[in-house]
Amino acid sequence: MNNTFIALLRRDFLMVLRNKSEWLQPLFFLVVVVSLFPLGLGPGPTLLSRIAPGVVWIAALLASVLSLDHLFRSDYEDGSLEQLMLGNQSLSLLVLAKLLAHWLTTGLPIIALSPLLAVWLNLPMEAFPTLVKSLVLGTPVLTLVGGIGAALTVGLRGGGQLLALLVFPLLVPVLIFATMGVSAVAGGMEATAQLGLMFAYLIMALTLAPFACAAALRISIS
Amino acid sequence: MVTGANGCGKTTLIRIIAGLLDASSGALHLPETAIAYVGHYLGLKDTMTVRENLQFYARFTSGGRDRDIDADLERMQIRAHADQPARSLSAGQRKRCALARLLFQPDALWLLDEPYANLDAEGLSLVDGLLREHQQQGGMAVVVSHNRMVPDDLETKTLRVEAWSDVL
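First to last, the protein sequences are chains A and B.
First residue of the first sequence: 1, per the numbering used here; consecutive thereafter.
First residue of the second sequence: 223, per the numbering used here; consecutive thereafter.
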């Protein structure tokens, strides 16, 4: 594996771990949002179990997008981004390292927490594996597609709101397929088609997003 | 050496040379070397220590992988602060830390935007020493400075930017 890729991945990972609020905040947000639903809608198990896939997924999507604003901002503000651009390495590869670090510190903890959230919302046991699978396929898409928005808005003041506006429409398909898939399994059906489509979206995002992010960063910095 | 009044476009010029900005007209011919750039924003991570910051750039630049970071810190006279987070350093110490990156790239074209700013007398002579060594090794540097010139013993060409129109 490329040395600069690993160096950047390590640096970003280390920085997020040091700045605890950066990785704990989205998780805290996720837990709070999910736990508010039973309080607001009443603890009826049937209703909760029906809305569980949607609630977990919407909370995961919001938590992920919430943390995206930091993705390139500190690098932009302290001049690190310029240094990354001047290196001999392809900027897309470096962006991919940053996106991977973001997913490891945001997406992965969300996946790890999801079974607990599903228990809270009384999701049928048989749908747990599908929920986790949908998050494994979907959270990288949130990071990858969200990264494009983060790269485009990095130079703007108050870019966070614009970022959300930019990326939500692109993330809607993920939300729809994921919640449809989990609900299908909870209702005793298969979710192969939905997960297949999510996989396709992931591949597309993985192939295109690093290039789009790199191009957007070049625009933002000039 | 590029000099000129505040706001005349020195930084714009050096950023165009670095490839961070597109020139609206004209052509840029650069030697086929890597570029080392120290600008106004130093590229240091506040939460990381001085040593970690430099280790990252050492891994990041191909020339710096096997470097003895402590020796480089010693040379820049910030060895004593090696394990402090970068945010606890003074502006001059941060500058020294950023300038230490140049040691990883002796073969590169150095682009230095106000390298003398914030430095004390020792720091100033450190920069002079780096430039002298770089030139002796056949290297080239573009130094932007509005108040201090590079030492006389260096072979220097000076561009005085009078107004934006000189750059544009």
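Be careful, since some hints might not be right.
[Stated by the list, open to error] So the derived label-pair ranges between C-beta atoms look like this:
hint, chain 1, residue 1, chain 2, residue 2, range
1, B, E296, A, L17, 26 to 34 Å
2, A, I176, B, A249, 28 to 36 Å
3, B, R309, A, T46, 47 to 55 Å
4, A, L93, B, N228, 36 to 44 Å
5, A, L17, B, G314, 37 to 45 Å
6, A, R18, B, H262, 36 to 44 Å
7, A, E190, B, L252, 34 to 42 Å
8, B, T271, A, G196, 41 to 49 Å
9, B, A313, A, L14, 41 to 49 Å
Don't read these hints as lab results, they were simulated from the structure.
Built from N, CA and C at the ideal position, the CB exists for glycine as well.
Taking 36 to 44 Å as the stated bounds, is the beta-carbon spacing between L93/A and N228/B within them? holds, 38 Å
Range hint compliance [Cβ, A313/B to L14/A, 41 to 49 Å]: violated, 24 Å
Between I176/A and A249/B, does the beta-carbon spacing fit 28 to 36 Å? Since the Cβ atoms of I176/A and A249/B sit about 50 Å apart, the hinted range of 28 to 36 Å is violated.
Lying within 47 to 55 Å: is that true of the beta-carbon distance R309/B to T46/A? holds, 53 Å
Would you say the C-beta atoms of L17/A and G314/B sit inside 37 to 45 Å of each other? Violated, since L17/A and G314/B (Cβ atoms, about 30 Å apart) do not stay within the stated range.
34 to 42 Å was suggested as the range; check whether the CB atoms of E190/A and L252/B agree with it. violated, 59 Å
C-beta pair E296/B, L17/A: status relative to the range 26 to 34 Å that was hinted: Once the Cβ atoms are compared, 29 Å apart, the range 26 to 34 Å for L17/A and E296/B holds.
T271/B and G196/A, beta-carbon distance inside 41 to 49 Å? holds, 47 Å
Looking only at beta-carbon atoms, does the pair R18/A, H262/B fall within the given range of 36 to 44 Å? violated, 25 Å
Of the numbered hints stated above, those contradicted by the structure are hints 2, 5, 6, 7 and 9, listed in ascending order.
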